[in-house]
Structure formats: structure tokens, C-alpha cells
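First to last, the sequence lines map onto chains A, B and C.
According to my numbering, the stretch in the first sequence is residues 1000 to 1173, in order.
According to my numbering, the stretch in the second sequence is residues 12 to 501, in order.
According to my numbering, the stretch in the third sequence is residues 5 to 514, in order.
These are calculated hints, taken from the structure and not from any lab test.
Beta carbons: idealized from backbone N, C-alpha and C, even for Gly.
Treat the hints with caution; some may be incorrect.
Pair ranges (Cβ atoms, derived) [claimed, not checked]:
| # | chain 1 | residue 1 | chain 2 | residue 2 | range |
| --- | --- | --- | --- | --- | --- |
| 1 | C | P71 | B | L59 | 49 to 57 angstroms |
| 2 | B | T371 | A | A1160 | 39 to 47 angstroms |
| 3 | C | G495 | B | K214 | 29 to 37 angstroms |
In silico contact screen, one side only, chain C against chain B (beta carbon under 10 angstroms); selected entries [unchecked claim]:
| # | residue |
| --- | --- |
| 4 | A13 |
| 5 | V17 |
| 6 | L423 |
| 7 | L427 |
| 8 | V496 |
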Amino acid sequence: MAEFVLERANYWAIIGLMMVGLYITFQSTNMIKRLVGLSIFQTSVFLFYITLGKVAGGTAPILFGKDAKGHGDGGGHLTDDGHDNLAHGTGETAAVELGVTGNPGGLQEIYSNPLPHVLILTAIVVGVSTLAVGLALVVRIRESYGTIESDEVRQSDIETADAQDADDPARQVA
Amino acid sequence: MTPDTMILMILCLPLITAAVIFVLDAVPDLREGATLLGAASLFGAVVLLVSNMQAGAQPELVLGEAAPGLVFAFKLEPLGALFALVASGLWILNSLYSIGYMRGNRERNQTRFYICFAIALFGAMGVALAGNLFTLFVFYEVLTLSTYPLVAHKGDANAQRGARIYLMTLLGTSIGLFLVGVVWTSTLGGSLDFVPGGLLAGKISPTEASLLLLLFAFGIGKAALMPFHFWLPNAMVAPTPVSALLHAVAVVKAGVFTIMKVAIYIFGAELLQEAPATDWVLAIACITIIVSSLVAMTKDNLKARLAYSTIGQLAYVTAGAMLAVEAGFLGGSLQIAAHAMGKITLFMCAGAIYVATGLTDISDMRGLGKRMPWVFGAFFVASLSIIGIPPLAGSWPKFQLFLGAVGAEQGYVAWVLLISSLLNIAYLLPIPILGLMPPKGLPEPAPYKRPEGAPRFVVIAPVITAAGTLVLFFSMGAIAAFLAPAMGGA
Amino acid sequence: MFETVVALAPDIVTRHAAALIVVAPLILSGLCAFMPSGRVAWGLTVVASVISVFCALVLLYQVQTSPDGVVSYALGGWAPPLGIEFRVDALNALFLILVTGIGLLAAVFSLPTVVAEIQQEKRALFYAAHLICFMGLAGVAVTGDAFNLFVFLEISSIATYVLVALGGTRDRRALPAAFNYLIMGTIGATFFVIGVGFLYAATGTLNMADMADRLTSLGASRTVHAGFAFIVVGLGLKAAMWPLHQWLPNAYAYAPSFVTMFLSATATKVAIYALVRFMFTVFSPDYTLDRLNFATLFVPLAMIAMLACSFQAVFQTDVRRMLAYSSVAQVGYMLLGIAIGTSAGVSGGLFHLINHALMKGALFMAVAGVVLTYQGTRISDFAGLGRAAPLTMTAFAIAGISLIGMPLTAGFQSKWALLQAMLDSGWGFAAMVIVASSILAVVYVGRVLQAVFFLPPANPRKVRQEAPLLLLVPLWVLTLATLWIGVNSTGVIALTDAAAEAALSGRAMQ
Chain A
1000 MAEFVLERAN YWAIIGLMMV GLYITFQSTN MIKRLVGLSI FQTSVFLFYI TLGKVAGGTA
1060 PILFGKDAKG HGDGGGHLTD DGHDNLAHGT GETAAVELGV TGNPGGLQEI YSNPLPHVLI
1120 LTAIVVGVST LAVGLALVVR IRESYGTIES DEVRQSDIET ADAQDADDPA RQVA
Chain B
12 MTPDTMILMI LCLPLITAAV IFVLDAVPDL REGATLLGAA SLFGAVVLLV SNMQAGAQPE
72 LVLGEAAPGL VFAFKLEPLG ALFALVASGL WILNSLYSIG YMRGNRERNQ TRFYICFAIA
132 LFGAMGVALA GNLFTLFVFY EVLTLSTYPL VAHKGDANAQ RGARIYLMTL LGTSIGLFLV
192 GVVWTSTLGG SLDFVPGGLL AGKISPTEAS LLLLLFAFGI GKAALMPFHF WLPNAMVAPT
252 PVSALLHAVA VVKAGVFTIM KVAIYIFGAE LLQEAPATDW VLAIACITII VSSLVAMTKD
312 NLKARLAYST IGQLAYVTAG AMLAVEAGFL GGSLQIAAHA MGKITLFMCA GAIYVATGLT
372 DISDMRGLGK RMPWVFGAFF VASLSIIGIP PLAGSWPKFQ LFLGAVGAEQ GYVAWVLLIS
432 SLLNIAYLLP IPILGLMPPK GLPEPAPYKR PEGAPRFVVI APVITAAGTL VLFFSMGAIA
492 AFLAPAMGGA
Chain C
5 MFETVVALAP DIVTRHAAAL IVVAPLILSG LCAFMPSGRV AWGLTVVASV ISVFCALVLL
65 YQVQTSPDGV VSYALGGWAP PLGIEFRVDA LNALFLILVT GIGLLAAVFS LPTVVAEIQQ
125 EKRALFYAAH LICFMGLAGV AVTGDAFNLF VFLEISSIAT YVLVALGGTR DRRALPAAFN
185 YLIMGTIGAT FFVIGVGFLY AATGTLNMAD MADRLTSLGA SRTVHAGFAF IVVGLGLKAA
245 MWPLHQWLPN AYAYAPSFVT MFLSATATKV AIYALVRFMF TVFSPDYTLD RLNFATLFVP
305 LAMIAMLACS FQAVFQTDVR RMLAYSSVAQ VGYMLLGIAI GTSAGVSGGL FHLINHALMK
365 GALFMAVAGV VLTYQGTRIS DFAGLGRAAP LTMTAFAIAG ISLIGMPLTA GFQSKWALLQ
425 AMLDSGWGFA AMVIVASSIL AVVYVGRVLQ AVFFLPPANP RKVRQEAPLL LLVPLWVLTL
485 ATLWIGVNST GVIALTDAAA EAALSGRAMQ
């Protein structure tokens, strides 16, 4: 049992972070806190991808040693061989699914799968921009409403709506 | 001119009329001239087309494909020709009448009124000439939408309420039931063409046929079968010319005409006889006939009484279709023409009384006949026609329906017809009789609202249509012969 | 005519159309941001939209003429499946035409409303944000790579949050609406990424075509199921699928009129495209989800959306809110068609999607015209406008009637197609829900139309004042398109049929 839990420590962490993040996002009334929760939630996904890319015993995916000589012009441009190796990440889950083990593609050293890292770099950029826009919005909300508590904002919106309805001629007739 | 271009012309004429009316907005005399001219040329075109087809040919026109399998097709067949003739012919008289009525009452938005009227006639012509169920449905909805502004014409809260009920009932039933029926027919039958003998004959089981029949019978809300009849009394908030042409002729007749078409060309007599729901619908039609007559007796508002009378008379057509025998089909079809002629007269008389005196309640009209003898005379003749007394038009369809009821071994329908005629006498005849011969000692009726009395047009039109009921009686034989090929499938 | 237009294309366009459709607006948006005046930025936006429309036409032509119906473009010369592939078949070609076409009309119409609703110094930036949003949507539609799809989705979404928030100058409620949209949208996008992660774990590829191939040989597993669930929830949020639509009404009601119009006609549509792409091309329902039928999941949701949101629309006093709720209901129609999974159903759903884009676009444009001239979006503000602005309101009425589904309008044709698909595949009950929802549409559209044409003006000072010409022209283009499809939809149905075929062909290969 302990083994079952500990072997998947990464995933437990991911699930934990995800739940914490979502809970904060939905439960909190403070808009900054909601954004914090959202960021935690996103971070858990980054962790999820990184975990997928990990190959047991693998090192950072920079060609070195014999591999570097074999692929003299650098590890960036992917050949068909490279594609097989790199795309079929042999992370824990992927290994189970594909049964890919060992060291295909004629490489001498074991590398982690770089693709998820690249993806997550993009995702981090997306997350940062979202956060930036979100914070900017909170600033603007603070300027117009004088508060960043979403329940107070809602209360004041309801009052606005009631005031508008009050002078709606259609309502007055009814 | 070839017959198919004639069909196109008949469809275009009302639209052109509407456009001309729009252009002539500022010149009322020319505008109303355009209406009359449009109506007259439409009637002329229909007559020409129909006289050409008497050789037995059925001209067709395909306008194009709306979507794969959905074709805008038109085809002139006897039943549609009859409906087109009635609607376009009565449009002329009604236009005359409208001019008098609208001017006499100094109504607002008259241009919108005439435009919508012309578009409604476009819808009615489309329904009459439709070559398949899809086209028919499309024009059925055109008719619904174009008449909504007419019903709401007065614009006050009452008119809006009535118009809303009108629109919601007709759209609700047509979208909720009729449309489903049409689409289902196309999936079951593979097409939507009108096939003599029935498109669905032999293709579906009686149970499916029953469901489908119920969808059609209640989905075609314009036929005003109970319990979807309440739009008709509510539509009486409309100006009387609208009630006269649309709610005695074009709209309601489009409803029963559609039922007739569906019964003859989609189901066919055999399938109808097999389907158990035919009997249910027939029974509902009979209930509608009796109940609406009873309700009519309680109404003191003249237009409301006429509206309930219309509901009952429409159910005759539905009943005729549901008898599923040749005489029933024929009786129902003749009823379309005969009732149109009679009921438009009654409505026009009601309008004439309103224009002249502002009266709407029957109890106030006692003795009024002395001052308006022509109007009450026309009312009397038309009432007799509705009741079904020879030599007036209304007697033929009742006779045929009687034969149909006996032929279909639905004896109770014959009794219903008989009782209904008695009820008709009870709620219609007192109006002209008390109008012309009031009991002694009554105070003088209210003075004219307008010093000069009813405008001339408003009196002439109903007198002509009342005379029409007499003429129609003698031409019924020819009409029946003309319709016979369509009923042949029975 | 189509061929001659395409033949005009210079070589660079014919070879790089798939990339240009994204790159052109991207580059021009950067330029826009530095333009001194909103008017110049507007010009650039129109230019970018024209280029994209042209590319979309070229792509459609290439798809129709290519032997296997697929145009594949390797971005940066990196060969798929490892490199990012832009892959266009009949399905995305349809969406590209839709998005770019609506984008062009929206761009043309935007000038007067933006002048009225956005502060002067923000206009250039506003157009830059709009072009980025536009480019993101086009990117979602053109890409063949699952992760790239996420990136484009987020690019467009982030731009959207900004655009919605710009409504704050007119009504401050736009700000919390944008904030909530941001939270929900980001959660949706993140769910989508989690789903893609699961699929990547299962297949080791991100290319959607490749993924579909590998899933076929892998068969179903819990990883795939989990991935499917996350993707559906994520995209469902973006598409405003009931009950994940809570962000939509406020965002539509308070955003600048132009943004509402553009979003309603494109943003949710593109999310639905992504959903279709995953449901049918990537996953093949027959084997991946053998125990979980699509229809049993989506049909109830779609039916509730159609009824509940139409019902909510009836009780709105604000026209834009009403139309927003109606949009959620209409998404139900599309999902219903797509969910039953027959080719007639998918085609009908897509057909309704196109028609809905046209008519909702027209409706929101007309509302924008009213906002411009009379500053109000409540139903009572619309009273008597039929006389004051007959051209605008006639277009509004036609589009509204099409929303109800009256004959001779586009809405009727697609409802007919949907009804037929339902009855053909034995979903008679769903057919009844379709018509019931249409009847509710009669009520809510009728309320507005009645105010427009039959009520006296609430404000007697309202004089005859049409919307400006720049607004009227695109409005009437959309309206006439609605009427044209209503009369002759053969061409559009051919497109949607091909698209449905392309979407389902993954399954056909089994």
C-alpha cells in the first residue's frame, strides 16, 4: 500500500495541488485569491506534464557523449529516428501504454522526453498572460467598485439592476 | 401565356400590388385604386388559368430547390383552383368594402393595412396552388405572419392581447405539431408530393397513420378544431374587413383546405378508413360543431357570435374529410366555397352596422333593420344559406355531407348535422328578424354615429355576396363536376 | 466565379494559405497597436480580415479539389506528426470561411460603434486585441495539433477577456463579467490541457490525425476515457454547453456591442468545432467509448439547454441578455444534432451553427445600431423603433423570425434538417423538444418585435434615425444571407454534408 502511494508521489502531489487550486478559485470571494487559486490549479497541470516527460534514469534531454558526436549538427533538428525516441516518451504512464522501454533510436544515453517541457514553457507563458490580464481586471474593478470582494461587487450590481428596472417604463405599467 | 407562367403571375400579382401600395403611400385614392386593380387582375388571372385547365390538364411550376428534397413546386388541381377562385374573387368585393370601412372609421396606418392584406392574399394563393406539402407549409406560415399586423391593427392593449393569442396559437400549433407531422411524413413517405390516392397509402401502419393524423388535425390550427379554436374569437379584435376576408375566407379556409389536401393526397381514403384516429378526429369535429353552436348562442357581441359560428362551420369540412368517402370529401370541399360566400356577407353586415352606428351588441340592434334594410336583408339571406336552406348555396354541402355520413356508416354524424342546423337557426335568424321586425314598444335605436349613415361601398359589397349565395346554389352542380377528378381517389 | 477568384491568388497565397490566414492578422495586430488613430487601425483590421477571407476561400478550393480532401501544411518545414501541422479538411474549411467571413463583416461594421463606445486613446489597442482574438479563432480552426489548438484557444480567449472588459467604460458591470469569464475560461482551457496530456500519455503524439490512428490500434483504456472527459468539459465550457454556460449571459450583455456581435457569431462556434473534431475525428465513438454512448450524455444536456435557456430568455428585460440566453439554447440545437452522431445529424447541427452565426450576428448588429443611436438595450428602449429606424429594425425582424424558424429563412431550413435527422434516427422525443424550444423562441422574439412595431415610442424625442451606413451594409449582408439560405440552401448543405463526412470519416475508416 505504502509502495503504491509512494511510487506515485508526483501524481498525488498533482491531484492535491489541483484540488487546492480549484477549491480556492471557487470558494474565495476575494478576487486576488481566486487568481492565486487559478494559478495553483494551472501549476498542477504543469507538474503533470513534466511528470509525463520523465524517463526512469533519464537525464536532461541534451545530447552528450557519443550521442553528441553521432548527431554532430546538434540535437535540435529532429530526424525520423529522433522522432521515434523523443515523441514516444517513456514516462511512467506512456511506458505502460506503449511498452516502449530501453533505448531506441540508436542513442547511447537515456534522456527524458523534452517535448512536455517545451509544451509547458508555452503553457506557462499562457498562464502568466492570463494572470496579468486577470490582475489588470482586478485593478479596474477596484477602481470602479471600490472593492475586490466578489460578493460585494455582485451586491452593488444587483442594486444597479434594481435601480434600472425601477425606471423601466415597461415595468412601471406592470 | 403558358399555364406555368400564369401560376407565377398569380403568385406575383399580390406582391406587386403590395409594392405599388407601398409606393403610393401618400396618395390614398391611387393606393386604393391599386388594391382594387390588383384584386381584379388576380381574379382575372385565376379565372383564365382555371378555364384553361378544364381540359383535365394540371399545370405545374417548379420554382427551385430550397434544400435537397425540398422543392418549391406549384400545381393547379381542382380543389386548389376552387380555393383560389373563392379567395381571389372575394378579395375584390372585400377591397371595395375595406375602402368604405377604413375611410368611414378613419383608421390609422391604412397603407400597412393594405400591404399586409395583399401579402396575406399571396400566402393564400401559395397555399391554394402548392404542389407539395413543403410549399404548402411555407405559405401557410406566410399567411400566419402577414395577418398578425392586421389583427393587431388597432394597436390598443386589447388588440395586442388578441393578436398575441392569435399568433401564439397558430404558430405554436404549426411549429409544434404541423411541422413535426410534415417532417415525419417526408421521412416515412420519402417525399412530400401530393399523390392522388395518398402518398402514404400502403407505406405506414394504421398506428403511425393515427399519430400522424392527430399531428395534422391539431397542428393545422387554422382549421380551428377544438381545443385550438380560441384564436378565432380573439382575432375578432381586428377591423371587420380583416375578419370578413381572412377569418371567414382566406385564413380559416386555408386551414380546412390544408386538412382536405392532407386527407385526400397524403393519406388517401383507404388509409384514413384503416386508421383508428380518423374516428376520434371525426368525433372531435362533431363535438366542435355542437359546442361552438351552443357557445355562439350565449354571445351578445355580433362578431363573437359569428366567430363561434365559423368554428362550427369549419368543423363541417374537417368532418367531411374524416368521413373518408367521396361524398364526404365533396361535401367538405363545397362547404369551403359555400360557407365563404355566406360568412363574408355576415361579417360585412356586422361591419356595416358598426361603421354606421358604432354598435357591436346584438341586443342593441333590434329595430335597426328599418333604417338599414339592405344590410339586414343581406344578413337574412346569408343566414339562411349558412343554415342550409335551398335555394341557397349552403344547402348543397350539407346534403353531400349527409350522404357521406350515411355512406360511411357514421349515422351519428347525420344527427349532428341536423341538430347543428337547428342551432344555426336559433343563433342566426333572431338577429335579422328582430332587426327588421322589432317587438312593439321598443325605444328608437341609437342614432347614426355618422350623419350620412353607412358609406355606399360598405352596403353594396354584402348585398352582392348575398346574391352570390343564390348564384352559387345553381352553379354547385358544375363545381361538383369540376371537383370530381380530385375526389376520384376516394 | 469561385474558381476565377481563387485563380487570382498569387503564388505565395496558394502555397501558404493555411499559415497566412493566421499570420496576416497576427502581424497586422502588432502594427495596429502602434497606430496613432483608431481609423487607421480600423483600416488595417479590414485589410487583415480581407486577406484571411481570401485565404479561407483558397483553402476551401484546395480542399474541394484535392484528391483526399485534405490540405496539410507543415509549419516551419517541420514534418508532421512531430512538427506542428496545419491541416484543413472540409470540416475546418467550413469553419474558416465562417470565422473569417463574419470577421470581415464585423470589422467593417465596427467603426461607428467603436467610435461611440471606446475611448479615443484605446481604439488602436482595441483593434489590436480584436485582431489577436480573430487570429486565435482562425488558428483553432486551422491547426491539426492538439496542443497548438490549446495555445490558439487561449490566445483568442485572453484577447476576448480584454475586449469584454473594455465595455467597462459604458457599464462597469462589464468588468466583473470579464473577470468571471476569465476564471471560467481558464479553468476550461486547463481542463482541456489535462485531457490532451492524458491523450499524449496514451498515444505519445499531439498531432490529431496521428492521435486518431494510434487510438484506433490502442483501443479504449481508462487514460483515454479520462482524457475524453476532461476535453469535453474543457471545450464545453468554451462552447457554453449547458450547464457550463454561466459566464456567457453577463459577458455578452455588458461587452461593447461590436465584441458581443463578433463573439456570438464566432467564439462559441469555434469551440464547438474543436468539440466535433475531438468527438469524431480523434475519438471514434464506436470503439473508444464503447460503454458510454455519446448520445446518452449529450442529448439530455442539449435538450435541457434548449428548454431551460429559452425559458430564461423569455423573462429577460434586456435585449442583449435575452439574445445571450437564446444563444445558449441554440448551442443546444447544434449539440443535439452533433450528439446523435449520424451524418445527417452532424450535418444538420453544423448547418444550424452556420445559420445561427448569421442570424445572431445580424441581431446583435441591429442591437448595436440601437445602442449607437438611442443608447439603450432594454426592451422598453426598443419601443416604437420600427418607425424611427425601419431599415435596421426590418433586418432585426427578419433575423428574429429566422431564429424562431419561420419558413423562407435560414433558421427554418436548419431546423427542418435537424428534425429530419432526429426522426430518421428514432429520436422523436428530441424532435418534440426542438419544436417546443422554437415555440418559446416565438415568445421571446415576439416580445421584442411587438415593442418595436406596435408600441408607441417610450421616449417621444426619438426621431427618425437609422444606424450609419457602415453598420447597415454588413447588417443587410447577413440578413440577405439568412433569406437566401432560407430560399435556397443547397450550396450550404453541400458544404455541411462534406464537413460532416470529413468529421465522421475517422469512423468510416474503421
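Taking the numbered hints from earlier one at a time, note which ones the structure violates and give those numbers from smallest to largest.
When the structure is compared with the hints, numbers 4 and 5 turn out to be violated.
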